[in-house]
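Residue numbers (this note's numbering), protein chains in the order written: chain A, 1 to 303; chain B, 1001 to 1362.
These are computed hints drawn from the structure, not numbers from a lab.
Certain hints may be false.
[Said to hold, decoys possible] Simulated coverage check for chain B against chain A, where a stretch passes if three residues somewhere in it have a Cβ under 8 Å from a Cβ of chain A:
| # | region |
| --- | --- |
| 1 | 1003-1015 |
| 2 | 1134-1143 |
| 3 | 1147-1153 |
| 4 | 1284-1292 |
| 5 | 1325-1339 |
[Unchecked claim] Ranges between beta-carbon positions, derived for each pair:
| # | chain 1 | residue 1 | chain 2 | residue 2 | range |
| --- | --- | --- | --- | --- | --- |
| 6 | A | 116 | B | 1207 | 52 to 58 Å |
| 7 | A | 112 | B | 1114 | 53 to 59 Å |
| 8 | B | 1141 | A | 119 | 43 to 49 Å |
| 9 | A | 113 | B | 1039 | 24 to 30 Å |
| 10 | B | 1039 | A | 116 | 28 to 34 Å |
| 11 | A | 181 | B | 1348 | 17 to 23 Å |
| 12 | B | 1021 | A | 302 | 28 to 34 Å |
| 13 | B | 1268 | A | 163 | 54 to 60 Å |
| 14 | A | 115 | B | 1037 | 51 to 57 Å |
| 15 | A | 209 | B | 1014 | 49 to 55 Å |
| 16 | B | 1175 | A | 4 | 40 to 46 Å |
| 17 | B | 1039 | A | 285 | 53 to 59 Å |
| 18 | A | 143 | B | 1219 | 55 to 61 Å |
| 19 | A | 6 | B | 1021 | 36 to 42 Å |
All residues carry an ideal CB built from backbone N, CA and C; glycine is no exception.
One letter stands for each residue in the lines below.
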Amino acid sequence: MLLEPLLLTIITAATPLLVAALGELVVERSGVLNLGVEGMMVMGASCGFVVAILTGSSILGALAGIGAGMALAAVFALMTLGFAANQVASGLALTIFGLGLSGLIGADFVGARRDPAPKLHLAGLSDLPFVGPILFGEDGFVYASVALLLGVSWFLWRTRTGLMLRAIGDNPISAHALGHQVLRVRLLAILFGGGCAGLAGAYLSLGYTPFWVRGMTAGRGWIALALVVFSSWIPWRLALGAYLFGAVTILQLYAQGYGLGVPSQLMSALPYLATILVLVAISRSHGRGAGPASLGTPFVPDH
Amino acid sequence: MLIELERRSAPSRIMMLASPAIAVALTVVTAALLLAAIGVDPVHGLGVYFIAPLSTGWSLQELAVKASPLVLIAVGLAICFRANSWNIGAEGQYLAGAMLGGWFALAYQTAGAWWVLPGMLLLGALGGMLYALIPAALRVFFGANEILTSLMLVYVAQFGLDYLVRGPWRDPHGFNFPQTVAFEPAATMPLLLAGGRLHWGVLLAPLAVAVAIVFLGATLRGFELRVVGMAPRAGRFAGFDVRRDILLAFAVSGALAGLAGIIEVAGPIGQLLPTLSPGYGFAAIIVAFLGRLNPIGILLAGLILALSYLGGEQAQIALRVPLDLTIVLQGALLFYVLACDTFILYRLHLFGGRRKAVQRAA
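With the hints as constraints, model all of the structure from the sequences given.
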């Protein structure tokens, strides 16, 4: 049966994209555009791997990844909320900074190897034919990503705080006038986004490919940003997009393996080309006004 | 909040000039701390990083050679950013220029004629321009986010170059190394001084700066781009064609990035390789901001970033410091510039100090 391992690998390829993009979705819903996902993700990958090697624990590694992502996000928050700096440029700075720092931190661990994070089998259920291993035999990160998807959906549409966050993203001036703490909510959203990006990065080095290479995120942070646009800032569409991209990534790998006579570089470029096509298609149908209204605009409260 | 911003009644002229200098000073302090953290004597380390590259004629020439692509790209990016168009894929446009110009060299260099080199430069600029027009057109006609599309195209360009130098353009006598044949003298930048590092391409960077000063400061189209960037509504009311301005800004910045690419290939590198840039396209974004999007500022900022590359290489050899330290410092530098720029428009109060100041005034 070829389909089953195929679906399993697609899910593993989609999970980091989903986790990072869910975090960024919450950030953007609060009106902040953090382009530094790639930098936070690669920091999560490097710190997660280093801690996992040193402690021998995947869970501590994942926590370290989350912490590293949040630490970098805190720098971004200081820049964009504290100093009201340009969000696009600050995000780029975060990416450059994260790529360099992760390389310094992971330099001594290049070539180190460890077993990937274990698959968690649910007694009985994972033995079910076909659906068993796919639904009930994944590693902890995959379950965490599904929980995160449900949690973010519930939070944004079923809680008062979620409503307030969305209102702040659409009109921070009115929300401020109503007495909401715009900068505090945005700070928490940015930290959450950083934690998600860090976790996604940790999954890359702990589960997806269990080793560390410099710059191993290879643009996944940017694809996650594109997925948020693709989703029109709606979590379930984000999941759809992430799994579609996981499929594109894996299918091009299979195609390279079978040697279809197409240059391997063209196949490797496919996910990036697909991202561009998707951005064009989605922007064409929604126009530019689909996102949170204040996205990318700094807010400075006048006390 | 710990930090409170208060808008100044007028932008601070002092901070406009001081902000890049403070940012550079903070970066040097950061460098000292990082060097100490990885076990290098900071004083000795800073000497290797920032002083030694300025102390010999050879390294000063190398500094100019490294600064010229950064300045060329950043001048274009400044025009783009001022028009509020976010081209962050200059690295890809640089590669596109290197590929199209490189193709011309491979195809016609045996002719050995005078027109080979100008043709390469022309096609290099054209390649970068066409590649930059892809994200610009996607934004103008479909509303696709140009930040993400221009960045995705960087990866596509890297794969394209990789394919060419490993496949159809590979040197058949190159022992299977992924590289093209070395360019003939007709396709190589002549040196300014015999035996030195400076080549004629370096002169194009100050030339681009001069043209950009005139374009932004003294032409109607330059004014139009700045208005569209600062106040798009005002631009539309004035009858400016915002779409055309976006396309123009991308075309100019792409052409300059492409030119930088082919100059590197025809100059210091001398052939096409899988890796043609140590991240010049991204470092140029830092140069543009450090130079405050002003052509003259960019000339100085380009030299500073070039110094960081050169010092980084020296430190790698002399102190065994990883090259990633340079990347960290470049990222930190951009943070510092952006934070310092805040003080042009705002005053800062820490720990609610402003309330006390207000009370005192009352």
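TODO: Just tell me: holds or violated, for the beta carbon distance of residue 112(A) and residue 1114(B) against 53 to 59 Å?
DONE: holds, 55 Å
Task: residue 113(A) paired with residue 1039(B), Cβ distance criterion 24 to 30 Å - done: holds, 26 Å
Open item on the list: Within 51 to 57 Å: is that where the Cβ-Cβ distance between residue 115(A) and residue 1037(B) falls?
Closed with: For residue 1037(B) against residue 115(A), whose Cβ atoms are near 31 Å apart, the range 51 to 57 Å is violated.
TODO: Could you see if the CB distance from residue 1268(B) to residue 163(A) stays within 54 to 60 Å?
DONE: holds, 57 Å
Task: Whether the CB-CB distance between residue 116(A) and residue 1207(B) falls inside 52 to 58 Å - done: Distance hint for residue 116(A), residue 1207(B) holds at roughly 54 Å.
Task: 17 to 23 Å as the expected CB spacing between residue 1348(B) and residue 181(A), which holds or is violated - done: Cβ of residue 181(A) to Cβ of residue 1348(B): about 20 Å, so the range 17 to 23 Å holds.
TODO: Could you check the hint for me, namely that residue 209(A) and residue 1014(B) are 49 to 55 Å apart, CB to CB?
DONE: holds, 51 Å
Task: Range hint 43 to 49 Å (beta carbons of residue 1141(B) and residue 119(A)) holds or violated - done: holds, 47 Å
Open item on the list: Verify this for me: three or more residues of the region 1003-1015 of chain B with a beta carbon less than 8 Å from a beta carbon of chain A.
Closed with: holds (count 4)
Task: Outcome, coverage of the region 1325-1339 of chain B by chain A - at least 3 residues whose beta-carbon is closer than 8 Å to one in that chain - done: With 12 residues close enough to chain A, the hint holds.
Task: Cβ separation of residue 143(A) and residue 1219(B), checked against the hinted range 55 to 61 Å - done: Taking Cβ atoms as reference, residue 143(A) and residue 1219(B) lie about 60 Å apart, which means the hint holds.
Task: Verdict on chain A covering the region 1284-1292 of chain B, where coverage means 3 or more residues with a C-beta closer than 8 Å - done: Coverage by chain A holds for the region 1284-1292 of chain B (3 residues, Cβ < 8 Å).
In summary, the numbered hints that this structure violates are 14, 19.
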